[in-house]
Amino acid sequence: MEILKSATAGTLESSDALVTVEPGEGIELELSSSVINQYGRQIRATILETLDRLQVQNARVTVVDKGALDCTLKARVECAVFRSCGKSASNIPWGGVIR
Amino acid sequence: MKNAVGRDIPDFLLENGKEVYQGKNYMDGKYMQKVGPRTRRYETPQESKLVDTIADALRQCGAKDGMTFSFHHHLRDGDFVVNMVMKAAIDELGLKDLTIAASSLGSAHDPIADYIEQGKVIGIQTSGIRGRMGQVVSEGKLKTPAIIRSHGGRPRAIEAGEVHIDIAFVGASTSDCVGNSRGIGGKSNCGALGYAMTDAKYADHVVVITDCLVDFPNMPASIEAIDVDAVVVVDSIGNPKKIASAAARISQNPRELMMAEDVVKVIASTPYFKDGFSFQTGAGGPSLAANLFLEKYIDERGIKMGWAIGGITRPMVELLKKGKVGKVIDVQDFDLDAVNSINQTPNHFEMSASQYANPANKGAFVNKLDFVVLAALEIDTGFNVNVLTGSDGVLRGAPGGHPDTAAGSKVCVIVTPLVRGRMATVCEHVVTVTTPGDCVDVLVTDYGIAVNPLRPDLIECLDKAGIPHVTIESLKEKAYSIVGRPDDVQFEDKVVAILEARDGTILDVVRQIKPFTL
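Respectively, the protein sequence lines represent chains Y and Z. Going by this note's numbering, 129 is the number at position 89 of the first sequence; the sequence numbering is gapless. Going by this note's numbering, 217 is the number at position 201 of the second sequence; the sequence numbering is gapless.
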């Protein structure tokens, strides 16, 4: 998927994450997390896997994590990506890249 | 050297007879030499001990570089006293190389972090360390390792001379002109003054700081004039709203209520739950809620609680007033109901920290305790509990009376949710051991109950009562299945804090945090 405009998903509530995607070259990830010491590695892996699954190759991604579980992180990244390419209102590829 | 909870204690800390933690009751039967303070004689009758400023009091007590000042934490997050005294000592008198020996420190003491960074404060001895102070100590900016002690370990260390107090500062809600002090009757009331009592008896000098001067004699006095050198009247010793909060509402959270009821079911299944039993609970959500269910079970069995100790809050005061508990003995008050009850409600008494929890005296209250209900930041599969360091390794908590009550009580119940956000509360290894697993008996979580295999008698009780329980390993796996398996927190080599077991042996160390990079 191609990032056309900047978009966000999520909140800064506890157990959530705020994900921002913007057009960029290659994948640039900026990650901060309240649980970075114990889960930073896993959070980064989850985000990169999700982008890869959505076939996003070029994006600047900023994630402010407040202790979200993996399922939440995936959902927020997917939503931000769809919003950034105008697919969030309709044509959401349920059952395809969303797993 | 590895200690009894598997923690590696660096050899350089094991000097002058210091030992690593060997297990519960290791010091039993040994003799200790108590120290006496060097105090000034005031033979000429004094009309008053009032001095104008804290700086004057410091000068009168011969304050100089390298001294140890002690404080108590009954004013909790509202406390102004520590900051006022350190400001006078450092900014007005120009003192340096000072050590703060406090019963606890909190976020009210953020300004002390500056004095640590400037190298003016070089030692911290406390139970609690939080906020900016916890941060700078964790960053290795304190010149000597902080020493963290439990509420019972502190009076033991003071009596044994392991910490020598040059000047003790007592923040008193009321005092008369010669220093008879109480925690009630003023405008900034805190109730009990139990943590300051040992300080007043063992410090070379004692300064009372109050914002409400009352007529002589201020009786019954928690701190007696016979131990006091000087009295300073200030505008305010603290912010009353943060000293004693309005009573914490009993949780409406169904998860917490479920855990609280499970705690009481466990308690009621043991042979110790009989007329005259004794009890202590913390002030956390599920622990407080346990009081409610306890009342129900007390009524059902037609029994009464003999006595309760604490850390007292409203639910216990209410049980006392209803005649469902015989006596309440109190080292600190957490809310206004408790503050307004101590020494007022019949059978609500005050005690010192030593009387409460000191393992080296001849019988602290915790040693007669049947049940204690406590919380945990983390608990590992060895039942070791951490209530000091966060998941990032930074100092942000306090052992308080946790290790003392756990060791002394017949049944120690830890109640905690299995996970908090993405943090697994039940884990493989806690970051820091603050209460050793050989003192912890039962774990109650929202996903199940686990009993320490060291207590087959309790396993039998639960089985007889039909209370299901699982292994702590299965709870840990359940937690990891939800949040994922955490990576180990990374530290530098430098020791920034020493965690003393209540008997004075070394339970664990906290090392300098390593900036995290992905």
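One or more hints might be untrue.
[To be verified] Computed beta-carbon distance windows for the label pairs:
{"no.": "1", "chain 1": "Y", "residue 1": "Glu68", "chain 2": "Z", "residue 2": "Gly33", "range": "55 to 61 Å"}
{"no.": "2", "chain 1": "Y", "residue 1": "Leu52", "chain 2": "Z", "residue 2": "Thr55", "range": "53 to 59 Å"}
{"no.": "3", "chain 1": "Y", "residue 1": "Pro133", "chain 2": "Z", "residue 2": "Asp479", "range": "50 to 56 Å"}
{"no.": "4", "chain 1": "Z", "residue 1": "Pro236", "chain 2": "Y", "residue 2": "Arg81", "range": "39 to 45 Å"}
Source of the hints: derived by calculation from the structure; they are not laboratory data. Predicted, not measured: the structure shown is a model, and the values here were computed from it. From the three backbone atoms N, C-alpha and C, an ideal C-beta is built for every residue, glycine too.
Against the structure, the hints:
1. The beta-carbon spacing between Glu68(Y) and Gly33(Z), approximately 57 Å, falls within the hinted interval of 55 to 61 Å.
2. Distance hint check: the CB atoms of Leu52(Y) and Thr55(Z) are about 55 Å apart, consistent with the given range 53 to 59 Å.
3. Our hint of 50 to 56 Å for Pro133(Y) and Asp479(Z) holds, since their Cβ atoms are close to 53 Å apart.
4. At about 59 Å, the beta-carbon gap between Pro236(Z) and Arg81(Y) misses the expected band of 39 to 45 Å.
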